[in-house]
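**Q** Chains as they are written, first to last, in numbering that gives the first Met the number 0: chain W, 0 to 330; chain L, 0 to 330.
Everything labelled a hint here was simulated from the structure, so no lab data went into it.
Among these hints, one or two may not hold up.
A pair counts as met if it fits within one copy or between any two copies, since identical chains are not told apart.
[Said to hold, decoys possible] Cut-off 20 angstroms, straight-line C-alpha distance, at most; resulting in silico cross-link-like pairs (SDA-like, lysine to any residue):
hint, residue 1, residue 2
1, Lys268, Leu208
2, Lys329, Gln213
3, Lys283, Leu321
4, Lys294, Pro50
5, Lys294, Pro133
6, Lys95, Ile325
7, Lys294, Val82
8, Lys95, Thr59
9, Lys92, Glu110
10, Lys95, Ser24
11, Lys14, Gly322
12, Lys95, Asp286
13, Lys27, Ser202
14, Lys31, Asp46
15, Lys294, Phe140
16, Lys268, Gly302
17, Lys1, Lys324
18, Lys329, Glu110
19, Lys294, Asp113
20, Lys283, Arg165
21, Lys283, Arg242
Protein chains: 2
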Amino acid sequence: MKVLIVGGGGMLGRKLIAHISRNSSIGKNKIKSITTVDAYNGNLDVDTNVPIDAVTADITDFETCQKLVNDRPDIIYYLASVVSGEAEANFEKGYKVNLEGTRNFFEAIREVSDTYSPRVIYTSSAAVYGGPYPELIDDDFILQPNTSYGTQKAIGELLLNDYSRRGFFDGIGLRLPTICVRPGKPNAAASGVFSNIIREPLSGQQAALTVSKQTRMVFASPQSAVGFLLHAGQIDTNLLGSRRCLTMPGITATIEEEIQSLRRVAGEKVVSLIREEFDPNAQKIVDCWNFPPFKATRARELGFTCEQSFDQLVLNHIENELGGKIMGVKL
Amino acid sequence: MKVLIVGGGGMLGRKLIAHISRNSSIGKNKIKSITTVDAYNGNLDVDTNVPIDAVTADITDFETCQKLVNDRPDIIYYLASVVSGEAEANFEKGYKVNLEGTRNFFEAIREVSDTYSPRVIYTSSAAVYGGPYPELIDDDFILQPNTSYGTQKAIGELLLNDYSRRGFFDGIGLRLPTICVRPGKPNAAASGVFSNIIREPLSGQQAALTVSKQTRMVFASPQSAVGFLLHAGQIDTNLLGSRRCLTMPGITATIEEEIQSLRRVAGEKVVSLIREEFDPNAQKIVDCWNFPPFKATRARELGFTCEQSFDQLVLNHIENELGGKIMGVKL
């Protein structure tokens, strides 16, 4: 099988490529080639058992989309997205990439031929939800986002359902929790603060806490997120019925609970590197989410799994990104 | 105030124009002019106390949209739509008109100026819902349409919310029940059968029942639908919060219950004009709906009202469209 990863240059795409190329498979599906496309691919730097073609291109261009699907990849990961903070700051760009770009790409698949119907895995987001909320969000809860990013993701989900129902492709959408601890440098995602206050102190760096400690979010580790993507690449989509998009399981925690986990795992000295620097603009955007726990019943029944506690997310980061060290010292 | 009605040439638009032009008002808002635009306007044929400008134009053209909003109408009714049956039969046309056309129009409003923020009343549809359903649909139930039309309407709702949240306009969306009894000739709406089996026999004509008697739908009279539109033109939208779209109240009934009402109101001789001519294609599309009752709590609390029984819908048609006559004979 051939895999195409659109938006493969981001953190999640790179981890996904690393996994697939190392194992030459997605579950039981043997993978013989990977094409990854992004506006910025950077250095892939992976041990690969599969040929990887890294294409630098603008996926909002329709002809580019056509070229990418014309050799009929069997499995397509559609991860490309302008992130939440940028989509809020730049209205036009958010709609151009996240709505028009997605639709262009779906149209390019539809136009290949009547007999082509690849698996399409689309990353949606918990940001499709907006308050007021019940105490628990179940799988039937209305998608009413309070950000432009969430709006664009909810539209992508609707398109995915309809294109799948029509048989143009075999879609599955994953409403991802916020990835935490997100490795590397901060990006323009407004949700960056939730990772910054864990990642930076663990490396001995100060981190600015820009939002209130009561702010809630739903989280999964990068490893769980890659696990969701791999599982979606091999699941029997007949089990999904007409609702092709699933809320992924995650850990709901407040900033206060995050800090408590950090204290339990890494101690007070690490926690003391968090400096409170309240930013009303940052608070405004995180207030658009402030999620209660998600039941994620359908996803759990279909075999999507994640961590059990926020402590595990902190430990996961230390193990996978810091070589088992806290502030440079082995645990 | 100036009113613009986009898609004013349809049944609902014409009834709305008749009402506003006769009363020179929408609630407490005095109306000084009406512009109506449609691909086909036909003969307006109304007693009007207000100048009416009927523009024949293609509203999927962006420049046309710009021209329509450049003189800053205060209240805009956006009724334009490819109907359900046509959107299902013609995938490209449905998306072009119902998605791109709507977005073009919203963009044209956004581009007028930072100080322009008209009331925009958008007609969505109960078709944004799709099964599996709970026993009762409440206002928090997920929008997961099973038709392309419903998908396009749900996307329009999401755009309306986001453009309103951003302050580009002051939107309110109405999820309309199926209009019944729909006067005039059948159109390409797949829901036509629900009206045909009432309207045609009441005029002494045979009608084909193309779907099963167990098929359910949710209904409101044309008068109620016009009432929803007028109420939405004057309501305090601060009461809506961030969720700008409301499920309108309606009467849920099966085809069997419709026929029972027709029998009670008009007698067996009228009912005998219904001929069963099952059409699996028609059944397939109505099965995409098959709605349970809607609670419509928010809409009711905000003062949107409709009939209490299907009998009233039949009586309403006899009174308003047939001059009080059944098969040409005065009741």
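**Q** Decide, hint by hint, whether the structure agrees.
**A** Evaluation of the provided hints:
1. Lys268 x Leu208: For lysine 268 and leucine 208, the Cα distance is within 20 angstroms only inside one copy (16 angstroms; across copies 76 angstroms).
2. Lys329 x Gln213: neither (32 angstroms within a copy, 69 angstroms between copies)
3. Lys283 x Leu321: For lysine 283 and leucine 321, neither the intra-copy (32 angstroms) nor the inter-copy (56 angstroms) Cα distance is at most 20 angstroms.
4. Lys294 x Pro50: Neither: 39 angstroms inside a chain and 56 angstroms across chains, both beyond 20 angstroms.
5. Lys294 x Pro133: Classified as both: same-chain Cα gap 12 angstroms, cross-chain 17 angstroms, threshold 20 angstroms.
6. Lys95 x Ile325: Answer is neither; intra-copy 41 angstroms and inter-copy 55 angstroms both fail.
7. Lys294 x Val82: neither (25 angstroms within a copy, 36 angstroms between copies)
8. Lys95 x Thr59: both (7 angstroms within a copy, 18 angstroms between copies)
9. Lys92 x Glu110: between (25 angstroms within a copy, 15 angstroms between copies)
10. Lys95 x Ser24: Neither, since 33 angstroms and 39 angstroms both go past 20 angstroms.
11. Lys14 x Gly322: within (17 angstroms within a copy, 71 angstroms between copies)
12. Lys95 x Asp286: neither (25 angstroms within a copy, 35 angstroms between copies)
13. Lys27 x Ser202: Neither, since 38 angstroms and 64 angstroms both go past 20 angstroms.
14. Lys31 x Asp46: within (15 angstroms within a copy, 72 angstroms between copies)
15. Lys294 x Phe140: both (10 angstroms within a copy, 15 angstroms between copies)
16. Lys268 x Gly302: neither (39 angstroms within a copy, 58 angstroms between copies)
17. Lys1 x Lys324: The answer is neither: 38 angstroms in one copy and 68 angstroms across copies each exceed 20 angstroms.
18. Lys329 x Glu110: Neither: 54 angstroms inside a chain and 57 angstroms across chains, both beyond 20 angstroms.
19. Lys294 x Asp113: This pair counts as neither: shortest intra-copy Cα distance 37 angstroms, inter-copy 41 angstroms.
20. Lys283 x Arg165: Between copies only: 14 angstroms across, 39 angstroms inside.
21. Lys283 x Arg242: between (31 angstroms within a copy, 18 angstroms between copies)
Violated hints, in rising order: 2, 3, 4, 6, 7, 10, 12, 13, 16, 17, 18, 19; the structure is consistent with all others.
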